[in-house]
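Peer 1: Generate the whole structure from the sequences, applying the supplied hints.
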Amino acid sequence: MLHTFVALVEDKPGVLTRVASLFRRLNINIVSLTVGRSEKQGTSRMTIVSEASPTAGHRIMASLYKLENVLQVDDIGQYSSVSRELALIKVAATPQTRSHIFELAEVFRARIVDLAPESLMIEITGVESKIEGLLQVLNESEDRILEVSRTGRMVMRRGEHTSRVLDAMRVAGVETKDEAEEEIVEIAAEEQV
Amino acid sequence: MGETKTAGTRLTGSEILWATLEGEGVREVFGYPGGAILPAYDALRKFPIRHILVRHEQGATHMADGYARASGKVGVAIGTSGPGATNMVTGIATAMIDSVPLLCITGQVSSKVLGTDAFQEVDITGITLPVTKHNYLVTRAEDIAPVIREALMIAKAGRPGPVLVDITKDAQQASADFDFAAAAPRPHRPHPMLRAESESVLKAAEMIRAAKKPVILAGHGVIRSGAREQLTALAERMQIPVASTLLGLGGFPASHPLSLGMMGMHGEAWVNHAIQNADLLIACGMRFDDRVTGSLATYAVNAKKIHIEIDPAEINKNVKVDVALIGDLAEVLESVLPHLSARKSSAWVKEVNAMKGECAVRDIQNLPDTGHLYAAHVMHDLWRATNGKAIVATDVGQHQMWEAQYYKHEDPRTLITSGGLGTMGFALPAGIGAKVARPEKEVWVIAGDGGFQMTSPELSTIAQENLDINIAIVNNGYLGMVRQWQEFFYDKNYESSPILSPDFVKLAEAHGIPGATVRTRAEVLPAVQASRERKGPFVINFLVEKEDSVYPMIPAGKALHEMIRRPGHNPLIETAQDA
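Chains W and Y, in that order, are what the protein sequence lines are. Under the working numbering, read the first sequence as residues 1 to 193, first letter to last. Under the working numbering, read the second sequence as residues 194 to 772, first letter to last.
A portion of the hints provided could be inaccurate.
To be verified - Heads up, incomplete: computed chain W residues facing chain Y, CB under 10 angstroms, no partners named:
id: 1; residue: P13
id: 2; residue: T17
id: 3; residue: L67
Keep in mind that the hints were calculated from the coordinates and are not lab data. Ideal Cβ positions, reconstructed from N, Cα and C, are used throughout, including at glycine.
Peer 2: Right under this line is the structure:
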């Protein structure tokens, strides 16, 4: 199964190697890994997605904690969370074939961020399945994908929900789960404003 | 401790290194100089630190390892960059898998040429990343004191292990303000999963009370944690037999009526049968290594398991347990004990003792002398001569298992052996380290003829330091354990296992060390006594039976109770139960 770990690590040389080496030693493949600065000074936040047996989570987490540079680990899979990935997709397209790609982008709530005579670039943000979906449609419609760059999964646990958000979750019940999650996030964001 | 150096004293990086070690209480280091560590060596004479010059850096790490195991302190090894550093890797890996606190200091090329394949440059922090608890590359003099202090703390904290500090030559040469107190590390972050919840403690206590056939599995953690008193209290109060892992030997006195001896691949039959028939295993500071479990699918299937362990990553790693108590063994046992009231007698202990049968009173000393000299005789006589009180450093292989079976350790930190990694060549340097750490103790090095030759140049270290170490070479002309596996599992195809050795007594003499060769049973004790009485080193070359095997043996992958017993023709057989 896929495990998603979030690790807060010291922002020092070699820390990425230590974390990656731990997975290597356990012969576990890292599916995706995103790293960036966290809200705490001098620390980076890593989101590590890996394919491992259901019981491996505890051991990976315990082993990550044994690394001196690792400050905090969360095995996020079991908790309610928001998951996002960003992808840039360059597709071969001429002025004659562009329009249906524009339509696809609209459906997937993606954006066209670059346009050239022979190609265009799509920016899409969402859960992985949404990105996979767009890629699949592009492939099936015989568009030629020239380049794909994906950030890998970023996740954050959800906070406490207000009653309005919970109402919205029930309303959103008819939509797919992923889409519903997006709606809730949007509503929650509105509430904050 | 450090107060001699006033705050803000201007020192070179090299001086800071030694001043910090001095402040931390380090008085002995094992090392070998070379280009990139020469500035540090240049400053050494100003500090009250004894440097033992080794003959190979692997020896330095094993000595620091033996020092740490014998004393409970952190062992310190030092070497130069490149080959000096890579030579340390085996010793570091040995310490890592056996949870031994080491500080390894290596010189590194100047920071200006890092990564340029400079002369004697090697990426030692990269190389040792998987075999150290943590490591550092230090490029500035001002970082040396805080890094060394933090490294020593990490080496000792929680589950101990080796820490390597790689210091560039320019960092050793540059000057910086030295303030020992200001360089104190932040308190070590305890492993966040480190907790023995009161609920689990109560559950464990209830399981112990309910158990009809409990067995304690005593590991290295008993010794590391200093938990003998608590372990003994638990065993005696609840009448629970205690089986030990190889590294756990000495943690619980071998002469104690509840002591079963060593479990696992070469454990005596009754020990493993007790484990297989148990209804509760209380694992204390051990990690269910494959050498003690045999096949996991058939391991103690009817037993509930309580695992008391300081490293949360060990829980459910090999054996699924019912209750995990994560923390320092002595502390956890302290919290469990108040929930247990004394049991008077136990039918289970009687049952286990019956399994022991006559084996329990095995006394090979009383066997008739058949003219053959068996390694078991040597171990047994050594045990008798030293009352089981000497520090014994063993190598790896048959003699290591015979030692574990026939030398009955009474005290913690008296068996020094490479368990997890199985590093041949460990015994001689580890014995040196143990003697340096505990000069008042009688130290015996026991090695096979194969392993001894891997690090025998350290005889020269012994001679230079004039260390009073007794060295027993159990010489059977084979890489004995390899030969045994070839006999059992490879149709007696003794490929590359017969080994020619020099005359070890002459080799010792070449180092100015006296010695004796022993060929018969009658000569064993006189030679042992001669060695013990002599102030200074002594080498005994025991020429033992060539094709003897270690029994019982559980073939790899077999269940713990499927052991190969001693064959009938073996003169070491004492009773029908043993056959």
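Peer 1: Look at each hint and say if it fits the structure.
Peer 2: Going through the hints against the structure:
no., hint, in the structure
1, P13, "8 angstroms, holds"
2, T17, "7 angstroms, holds"
3, L67, "8 angstroms, holds"
Of the numbered hints stated above, none is contradicted by the structure.
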